[in-house]
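Whole structure, please, built from the sequences with the hints as guidance.
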Amino acid sequence: MPAKDSASLSTMVSGFTKNGMLHEAEELLTKRLSVTDMDKAVDAYNTLIVAYGQAGRFSDAKRLFDMIPKGQYQHNMLKRKGFERNVVSWNSMMICYIKAGDVCSARALFNEMPDKDLVSWNTMISGYTQASDMKESEKLFWEMPDPDTVSWNLIIQGFMQKGEAEHARGFFDRMPERGTISWNTMISGYEKNGNYISSVKLFSKMLEVGEIPDRHTFSSVLAACASIPMLGLGAQIHQLVEKSFVPDTAISNALITMYSRCGALNDAEAIFKQMHTKKDLVSWNALIGCYEHHGRATKALQLFKEMRRAKVMPTHITFVSLLSACVNAGLVSEGRMVFDTMVHEYGIVARIEHYAALVNLIGRHGQLDDALEVINSMPMAPDRSVWGAFLGACTAKKNEPLAQMAAKELSTINPDSSAPYVLIHNLHAHEGKWGSAAVVREEMERQGIYKQPGYSWIDLEGKMHVFISGDTWHPNAQEIFSVLEDWQWHNPMSLEMNQLTQVKLIAKRNNQIMDKQATATKMHKATNIRHIYSKFKVDEQQNTSWWPYCTSLWPDSYLLEEEALFSSLSFPSFHPQPVYSTVMQSNVLQDELGVIFEDDVLKYWDEMEQSENKVEKSEKGLPLLYYGDENGAASKIMRDDVRSEEKALTFELVSQYFYMPITQAARELNVGLTLLKKKCRELGIPRWPHRKMKSLQTLINNVQVLQEASKANNEEQLRMLVEMLQEERRLLEQKPYVQLEEKTKRLRQACFKANYKKRRLLALEAGEP
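Counting in numbering that gives the first Met the number 0, the sequence shown runs from 0 upward without gaps.
Do not rely on the hints blindly, as some may be mistaken.
Said to hold, decoys possible - Straight-line Cα separation of at most 20 Å, DMTMM-like style, residue types lysine to aspartate or glutamate; simulated pairs: (1) Lys-304 - Asp-247; (2) Lys-397 - Asp-368; (3) Lys-115 - Glu-135; (4) Lys-272 - Asp-247.
Claimed, not checked - Distance windows between CB atoms, simulated: (5) Asn-85 - Leu-280: 36 to 44 Å; (6) Val-118 - Lys-407: 54 to 62 Å; (7) Thr-411 - Gln-725: 20 to 28 Å; (8) Thr-411 - Thr-314: 28 to 36 Å; (9) Gly-209 - Gly-294: 38 to 46 Å; (10) Thr-411 - Asp-247: 46 to 54 Å.
The hints are simulated quantities; they were obtained by calculation from the structure and are not laboratory data. Every residue gets a Cβ at the ideal spot worked out from N, C-alpha and C, and that includes glycine.
Written as structure tokens, this is what we have:
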């Protein structure tokens, strides 16, 4: 070129750097440039300095920076020609130092700068935030002469990255002017710090003030909805996305995850299918993770095959989901094959999470020695996830020596964890070694280690209800626990079903004494409480009963046992006239009509259910439940700070309250539910007798009605049955810890099933689904 200007030089240098030809770019500036053209070279030098920094060649960047103006071309002529550092030169070198992690050198350069612009200040603040030095970052921020929106966003982002959400919110609220990036930084920060409710609330406020969300906003708030989960809100946000713009791949991936975690598997699949050619690796991983989350291991493996056919390269995340899916489904051979495929076919180095899943898979299949061999052959030291998986497998297979060894390793890694103590305690309890279990519990208390209670929440009627395990202070606590206790009484195994929680009751031993404390604790898990409360509220609105819902979760084997019981009793059949003749035309329904479908026979069950729902709402409450008011603000239901002096709980005092629910008894006695249960165990009362007494009286009433309507050949059998139940009731009045006879329990279950069938028939007659 006959004449070179600043733009042409910068273009040439930029072209070299983009193609990785950094040596050629420097050669152009240092050897081929005449002295007369040096005044146009500063911008090109700055471009090359940044390129060296991006390539990680920080020493070359510093060498080039020192050449302006102190290099081999420094003399008076060059100074007159204007070849000297400008503010961009200083900023470029500062960026290189920060990228190298050398914040001290960057700050020294910052202090040396003759002139600073906004980029200089923001670059230095960014360096401190990346180094998690928020003290210096905040100090520098307040020294700025005129911080702009970028400055505010940087300081907010820094505090969010450190997990100091409240401090970040303080800066956000003081911002003179907020942009979409400011809102996104806060919403995303809340979501990443696990404060999902605040993320959703801030998104709502963003819409209220008229700020227009972008794709990043929707991605963050959808992730928050997925983590809560809030399907209704997530669906509304989906509608906003559809109205605002065509969802891109990132938004579609967030929608798949949201629908998956909210239980809408079909919707997640539909989003995936609608993506067509827009699917990326995250899309495939999201749906595979969706199948893993829902226990659909076969579908996850099938989708992985489709992923391979589509020539999409899987990552370690893909195989974590696949291995976890195999663990949940117990697919040992498939899981081993997945692990081998990852290592040998794709050359992915197995990480700690892969080994943890493999140990869990093999161990829970009973191959504990093989699982231990995997742990010993790991190239890295096993962490708590690996030992935790192995400990869980050992306790599940009742291998006490290996479980003790795993618990010791786990306690060494994480001394404050309650998991090894709880699992070993449960193992001893399952084996009936109550003394050993007590020793573990005492050691746990001596070490000051406590199991953190689980909690869950649900959004109903615009109010957020938070439940803690064992929480008894909810306004509807008696209704909730009444359902749980009846549910567990009718069918102990029902607590393992469906979405509630996998609760394992302590096995019966010898005289069938059970660890009632463990049963009650697990039965009162937060997930159970939340789920029952949600169903209770829905049924309350629809004027229906929760009993059919509970029964729908029972295993078929239990229902078959009930039918066999009534066949053996040879009770007579009553066929009441149907409300609608069309209902009775079905042979199936005709067969279902049996002895206990007479309305009069089961009216006592209806009365019992209605009486359970007529409970005074407590005005007391632990500071655990949050309700949203009309303005969306959270308010707490608080418990009285000072309780009256606790009474001495004697057998004579406690026995006066045997015939009311235990939650109501705790309030009447003005003691905590946990304390009352503990005292009952000390008094030799492993189970509160209220349920048994009410159940026995209801059974007596039912059988007496049958006795009046039966034929002569069955009258004697029913009379003896009534006498047996009455004798059992008298015994229970004297000794509340006595267990009901097995025949009595089965009779109660059969009556319960009959009542459910009757209700179902009435619903069908009314045209309900």
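Hints and how they fare:
1. At roughly 25 Å between alpha-carbon atoms, Lys-304 and Asp-247 are farther apart than 20 Å, so this suggested pair is violated.
2. Between Lys-397 and Asp-368 the alpha-carbon distance is near 14 Å, which keeps this suggested pair within the 20 Å criterion.
3. In summary, the hint linking Lys-115 to Glu-135 is supported, as the alpha carbons are separated by about 18 Å, within the 20 Å threshold.
4. Note on Lys-272 and Asp-247: the hinted pairing holds, with a Cα-Cα distance of about 14 Å set against a maximum of 20 Å.
5. Asn-85 and Leu-280 have their C-beta atoms about 43 Å apart, which keeps the hinted 36 to 44 Å range intact.
6. Evaluation of the 54 to 62 Å hint for Val-118 and Lys-407 yields a pass: the beta carbon distance comes to about 56 Å.
7. A beta carbon spacing of about 59 Å between Thr-411 and Gln-725 contradicts the range 20 to 28 Å that was offered as a hint.
8. In this structure, Thr-411 and Thr-314 meet the distance hint of 28 to 36 Å, their C-beta atoms being roughly 32 Å apart.
9. Between Gly-209 and Gly-294 the beta carbon distance is about 43 Å. The supplied range of 38 to 46 Å therefore holds.
10. Restraint check, Thr-411 to Asp-247: a C-beta distance of roughly 47 Å satisfies the suggested window 46 to 54 Å.
Violated hints for the displayed structure, listed by number in ascending order: 1, 7.
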